[in-house]
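One letter stands for each residue in the lines below.
4 protein chains.
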Amino acid sequence: MTKVGIIGGSGYVGAELLRLLAHHPEFDVVRVSAESNAGARIGDLYPSLAPVFGDLEYAPTEADSFVGFDLVFCALPHGASQKILPALVDEVEHVFDLGADFRLSAADYLQWYGEAHSCPELLDRFSYGIVELARGAVEAAEHVAVPGCYPTTVNLALAPLLADGLVDSATLIADCASGVSGAGRTLKTTSLFSEVDSNVGVYGLLTHRHTAEMQLVLSQVGSVDATVLFTPHLVPMSRGILATCYARPIGASPDTAALLARYRDFYAEDPFVTVTDDPSGTKATLGSNSVHLTVRYDPRTNTIIAIGCLDNLVKGAAGQAIQAANLIVGLPETTGLPLVGLAP
Amino acid sequence: MTKVGIIGGSGYVGAELLRLLAHHPEFDVVRVSAESNAGARIGDLYPSLAPVFGDLEYAPTEADSFVGFDLVFCALPHGASQKILPALVDEVEHVFDLGADFRLSAADYLQWYGEAHSCPELLDRFSYGIVELARGAVEAAEHVAVPGCYPTTVNLALAPLLADGLVDSATLIADCASGVSGAGRTLKTTSLFSEVDSNVGVYGLLTHRHTAEMQLVLSQVGSVDATVLFTPHLVPMSRGILATCYARPIGASPDTAALLARYRDFYAEDPFVTVTDDPSGTKATLGSNSVHLTVRYDPRTNTIIAIGCLDNLVKGAAGQAIQAANLIVGLPETTGLPLVGLAP
Amino acid sequence: MTKVGIIGGSGYVGAELLRLLAHHPEFDVVRVSAESNAGARIGDLYPSLAPVFGDLEYAPTEADSFVGFDLVFCALPHGASQKILPALVDEVEHVFDLGADFRLSAADYLQWYGEAHSCPELLDRFSYGIVELARGAVEAAEHVAVPGCYPTTVNLALAPLLADGLVDSATLIADCASGVSGAGRTLKTTSLFSEVDSNVGVYGLLTHRHTAEMQLVLSQVGSVDATVLFTPHLVPMSRGILATCYARPIGASPDTAALLARYRDFYAEDPFVTVTDDPSGTKATLGSNSVHLTVRYDPRTNTIIAIGCLDNLVKGAAGQAIQAANLIVGLPETTGLPLVGLAP
Amino acid sequence: MTKVGIIGGSGYVGAELLRLLAHHPEFDVVRVSAESNAGARIGDLYPSLAPVFGDLEYAPTEADSFVGFDLVFCALPHGASQKILPALVDEVEHVFDLGADFRLSAADYLQWYGEAHSCPELLDRFSYGIVELARGAVEAAEHVAVPGCYPTTVNLALAPLLADGLVDSATLIADCASGVSGAGRTLKTTSLFSEVDSNVGVYGLLTHRHTAEMQLVLSQVGSVDATVLFTPHLVPMSRGILATCYARPIGASPDTAALLARYRDFYAEDPFVTVTDDPSGTKATLGSNSVHLTVRYDPRTNTIIAIGCLDNLVKGAAGQAIQAANLIVGLPETTGLPLVGLAP
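Residue numbers (this note's numbering), protein chains in the order written: chain V, 1 to 344; chain P, 1 to 344; chain X, 1 to 344; chain Y, 1 to 344.
Chain V on its own, in the form it takes in the complex (with noise of 0.2 Å):
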């Protein structure tokens, strides 16, 4: 068995790498750390973790206590996975952090996160995990950067046309809804219930830090300069992003049936990716590590549309982990990850 510990397991992105774990056949957590609630029960604080974690306590959140882990997931907020990971770089065989403290340049990372970054020197340690974009690094990765929700499913829904070069990247809309865990257990008058349901708007409007993962990410794809308007929204739901992302095509466009016969083609092996026909909606995904993608050409106002959707909490955040320790650690990419989703 591998050894597995997790820093900050007590958020809902923490929550959801113990749901995945309790079933993976091979990963054993050992230790789970929290800060405000180190000494809480697991199953006091998740009663839908009982079954398998109930007596298991928090920890409090040390570096020293993880030394010598094969694995350890890091689901810190921003910021605070800078102040604890160096002790822990050279001391576990490999860091997942679902943060974004390592996900960008220390120039990127000082503009969209308005401070500079405390240990740039550790950037290139890790590898941005988008196992559908860059197999081959996330396989060979010391440690991984496990990407953002959103960028992940902006990401895999345009890659193609800017691999392919088919779309001006520099007027990129990306217009996105979001199910309220992605804003965490964190205590906000804006996740509660009440302001929640029966409610849709938007939210960071044209601020939002996402913006730069997914410029980031399509300029190296595309090899050309990304510039993404990024638009998120707040629906009355727990989980799922959808993106609907709207892209000029550069002279002639494929038609729909050629692109969806290219996204196939691209993701053709990609096990958690399914090109479908129609639009899935968000609950097709719901609890799985799947992404559903599909696309289209209008010839009315020229424009490509693609879409995407997924579980922020799995394939935008603890299942991707997964999936990238997964390969990292030689067992199929598959294992102990849900394809399917839980619907109705």
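Calculated from the structure, these hints are not laboratory results.
Heads up, some of the hints might be wrong.
With a cut-off of at most 25 Å between alpha-carbon atoms, the simulated SDA-like pairs for lysine to any residue come out as follows [said to hold, decoys possible]:
#, chain 1, residue 1, chain 2, residue 2
1, V, LYS3, V, LYS83
2, Y, LYS3, Y, GLY68
3, Y, LYS83, Y, ASP64
4, P, LYS188, Y, ASP44
5, Y, LYS3, Y, LEU122
6, X, LYS188, X, THR207
7, Y, LYS188, P, ALA59
8, V, LYS3, Y, GLY39
9, V, LYS188, X, HIS117
10, Y, LYS188, Y, SER223
11, X, LYS83, X, HIS117
12, Y, LYS3, V, LEU339
13, V, LYS188, X, THR61
14, Y, LYS188, P, THR61
15, V, LYS188, X, LEU187
16, Y, LYS83, Y, GLY39
17, Y, LYS188, X, ASP277
18, P, LYS3, P, VAL92
19, X, LYS188, Y, ASP277
20, Y, LYS188, P, THR190
21, Y, LYS3, Y, TYR113
22, P, LYS83, P, VAL67
23, Y, LYS188, P, ALA40
24, X, LYS188, V, ALA183
25, V, LYS188, X, LYS83
26, X, LYS188, V, HIS78
27, V, LYS83, V, GLU26
28, P, LYS188, Y, GLY39
29, X, LYS188, V, ALA116
30, X, LYS3, X, LYS83
31, V, LYS3, V, VAL30
32, Y, LYS188, P, TYR203
33, P, LYS3, P, GLU139
34, X, LYS3, P, LEU339
35, V, LYS83, V, ASP44
36, V, LYS188, X, ASP277
Remember, it's a predicted structure, so these values are computed and weren't measured experimentally.
Mind docking chains P, X and Y on chain V? Use the hints.
Quick look at chains P, X and Y alone, frame taken from chain V:
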């Protein structure tokens, strides 16, 4: 009192007319017809209406029975109004058709609805009832074609930009989200709770018929042909429409502050339009006849974003019809119509 | 116009008072106070209220500033009203306290709320404001203790049975379900959307404080001590309370038809009570001040089931307070209060 | 591999069988039939299943085509299983009927379902498949009648009390709440999102057919006739059942601590039963095969309250069927079945 009839009173729009008219001080609902539900008590179909209309029964849908009424609201599916209203346009003071039959030219109707209009000679007797953009025409109208829910949202959100010639009318994108009540009370798998819950998805991709109304109105407002790419999404809530609209500036755009000031000025005389600094969510308008709007210029991507929301059954249908009726009979526009939303 | 003030206007009950008073023809809201939100604009906290109260700011909560008002509605948490109202009971015409401080005897308050009442000498100046069970007392009241949301539902559902001595008052069970707005706008993990969504559970098991109000009122109605086992459940919706109440008949019970007839008779003069043949769901009352009731006798198990529902923020709080205020100032009871619910 | 067929695979229970079997290591789904959906691709009806069953088509429902299968799961409405299963009970190793046709005696079936059973001679060949209360009988069963969702919840919640003779079996009350998926994918107005959302209500008042199964099982467990007053409620969520059960003690009741200890002991060998100190909400069990239980004695009202919850489509249907199948073929009971719930 003004004698009011409702044709098609057992669907969601019909029920919403009844909800609003229950407390209207001048309009007296005398007869409500329904097709398959004729003979049923209103309070049995809609227990919410029982305290006021509990014992009133749905009458059969016979045009004759409405002859001589002051106001007739017709809430039938498209195609059905054309069949019954020719018998009424000369027999009642004012007809308010809440379906799509009298909104478009015969040519546009054929193109987008796929069938020839059966009484094109009557189209000129209906005014398109968007009070905020054509108050004078509505006040003077004989009969009114009540605008659709999506076009009302999008057109009010974009009108000031087009009126001022600030944006390229050929590349407009209207990315919208709607609650499920817009699909009516018809039995469809896609309207079942278990399908809609925890789910966000696109529908009507590239082909939604409301596109025609957006292009019609925005072309008139801007005095230049407008092309709209309209993408509707279904979100897990009963009511509400949010429109997030993207437009490319022509020349240098005013900044956000100037745009907000322009919007406030444009709608200064409109009690049902509230321009907010921050984008409102749909719940701010729940149950009310209000529209909330905001606007941004993003210099990074050189894009203007206009955002609007409303309650699809009120400002997007029944409330807007009553607003027009108030004007036509000489009442204050706001008579009997809520300005504030039901939140939380 | 009647000069109205609201103390504690930034919580959900305060916002609901503003929603209803926005369209009240006689009550003029002049001052609204809040603790931590003093200085904020009402329209910023509640965009739904912006069309009417957009620019009004929350004032600090100082008793002095309300001296001379006709009506003051106080929507503070229990314990807080006791501190501020002694300075106002002689300085304003009528106080309506929507918290728990003036509903119970000092002894009951100590028992259920776990602390001594700080001004028991004022308790007699407040009438318990359940209009349907004590209209005369409310009309003549100086000040009013507005009943709690659960007790209003349960007491109206059971009152006819106890008034007629039909059931054993010692074995009453009130199994209730509530939307989350009842927990207010306070930040609590258990009120987060992701915790409440797709979730139904019991809370306050065996110890909920509203039990005291049920026993108090039902004992008075039945002229014999009543004991209630009250089990509240939280359901994934914002508003609404449903009470399913079980009672054992004393002697032979009337059958269902006779019980329904008795309920209709009992509430014949009450515009806000609708007795229905079939049980209504809570949505029938959404946003309205109505209560829907039905009743059954089950010969198989020899049990009477009484079922009631209402909107906890309207008939269970703000609407009921305004209903009492209407009566006290001599207006028709229904002035400014919706009878029909917002459905769908 | 074990050769598995599903009859009635296009309803919600059928889809849930497919979701769970998609990742079962030993059961191989070879044929899935459907009535009206024969010929459709599974992935088109349920995009969630596309990653595993995307190209498999629903076959017509012909008994012949399942001859020789190891396991056949039948998820048809009551009445339909009786028609097709007589042709299969001698032709496949084990049938698991998820409808109501083989759960009750012919007399009880007639009484509660209102029609005579068409093959009463087959009833003895089906064991009632509640593993936790009859593990030995299930292990030895030829065919299995899979229990209903409500009875599973209520019976597991009350069984320890009746087994020990602690409560009066004639005055049991089971007040339950269910998500809407229990009504299946059938088109009904009462299952529409806009009707269910923001709504809680009673249905099937005094007459719900699942009462029969509760009385049957609890009578067996307690060796004395049990009478249950069962009140189901519909709540705005897709999945989940909560049962709040009230029972009167016979003689002096054990206190809460003793009751909790007794429950833990009673279910000590059951991996899918978790007894918690505090009551879990249904979301703790979402997507899992677990049941959460707790119990209280209330000395104030001399009542025992037992509370249970589960996912109606898993432990209440598909998961419970697979649990029984695992046992019958000699696999560990938990094979392929999640223990932890999908939360948040």
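Hints, one by one, checked against the model:
{"no.": "1", "hint": "V:LYS3 to V:LYS83", "verdict": "holds, 23 Å"}
{"no.": "2", "hint": "Y:LYS3 to Y:GLY68", "verdict": "holds, 9 Å"}
{"no.": "3", "hint": "Y:LYS83 to Y:ASP64", "verdict": "holds, 13 Å"}
{"no.": "4", "hint": "P:LYS188 to Y:ASP44", "verdict": "holds, 16 Å"}
{"no.": "5", "hint": "Y:LYS3 to Y:LEU122", "verdict": "holds, 24 Å"}
{"no.": "6", "hint": "X:LYS188 to X:THR207", "verdict": "holds, 19 Å"}
{"no.": "7", "hint": "Y:LYS188 to P:ALA59", "verdict": "holds, 23 Å"}
{"no.": "8", "hint": "V:LYS3 to Y:GLY39", "verdict": "violated, 47 Å"}
{"no.": "9", "hint": "V:LYS188 to X:HIS117", "verdict": "violated, 33 Å"}
{"no.": "10", "hint": "Y:LYS188 to Y:SER223", "verdict": "violated, 40 Å"}
{"no.": "11", "hint": "X:LYS83 to X:HIS117", "verdict": "holds, 10 Å"}
{"no.": "12", "hint": "Y:LYS3 to V:LEU339", "verdict": "holds, 21 Å"}
{"no.": "13", "hint": "V:LYS188 to X:THR61", "verdict": "holds, 24 Å"}
{"no.": "14", "hint": "Y:LYS188 to P:THR61", "verdict": "holds, 24 Å"}
{"no.": "15", "hint": "V:LYS188 to X:LEU187", "verdict": "holds, 7 Å"}
{"no.": "16", "hint": "Y:LYS83 to Y:GLY39", "verdict": "holds, 22 Å"}
{"no.": "17", "hint": "Y:LYS188 to X:ASP277", "verdict": "holds, 21 Å"}
{"no.": "18", "hint": "P:LYS3 to P:VAL92", "verdict": "holds, 10 Å"}
{"no.": "19", "hint": "X:LYS188 to Y:ASP277", "verdict": "holds, 21 Å"}
{"no.": "20", "hint": "Y:LYS188 to P:THR190", "verdict": "holds, 12 Å"}
{"no.": "21", "hint": "Y:LYS3 to Y:TYR113", "verdict": "violated, 33 Å"}
{"no.": "22", "hint": "P:LYS83 to P:VAL67", "verdict": "holds, 16 Å"}
{"no.": "23", "hint": "Y:LYS188 to P:ALA40", "verdict": "holds, 18 Å"}
{"no.": "24", "hint": "X:LYS188 to V:ALA183", "verdict": "holds, 15 Å"}
{"no.": "25", "hint": "V:LYS188 to X:LYS83", "verdict": "violated, 28 Å"}
{"no.": "26", "hint": "X:LYS188 to V:HIS78", "verdict": "holds, 23 Å"}
{"no.": "27", "hint": "V:LYS83 to V:GLU26", "verdict": "violated, 29 Å"}
{"no.": "28", "hint": "P:LYS188 to Y:GLY39", "verdict": "holds, 20 Å"}
{"no.": "29", "hint": "X:LYS188 to V:ALA116", "verdict": "violated, 33 Å"}
{"no.": "30", "hint": "X:LYS3 to X:LYS83", "verdict": "holds, 23 Å"}
{"no.": "31", "hint": "V:LYS3 to V:VAL30", "verdict": "holds, 6 Å"}
{"no.": "32", "hint": "Y:LYS188 to P:TYR203", "verdict": "holds, 22 Å"}
{"no.": "33", "hint": "P:LYS3 to P:GLU139", "verdict": "holds, 19 Å"}
{"no.": "34", "hint": "X:LYS3 to P:LEU339", "verdict": "holds, 21 Å"}
{"no.": "35", "hint": "V:LYS83 to V:ASP44", "verdict": "violated, 28 Å"}
{"no.": "36", "hint": "V:LYS188 to X:ASP277", "verdict": "violated, 43 Å"}
In summary, the structure is inconsistent with hints 8, 9, 10, 21, 25, 27, 29, 35 and 36 from the numbered list given earlier, while agreeing with the others.
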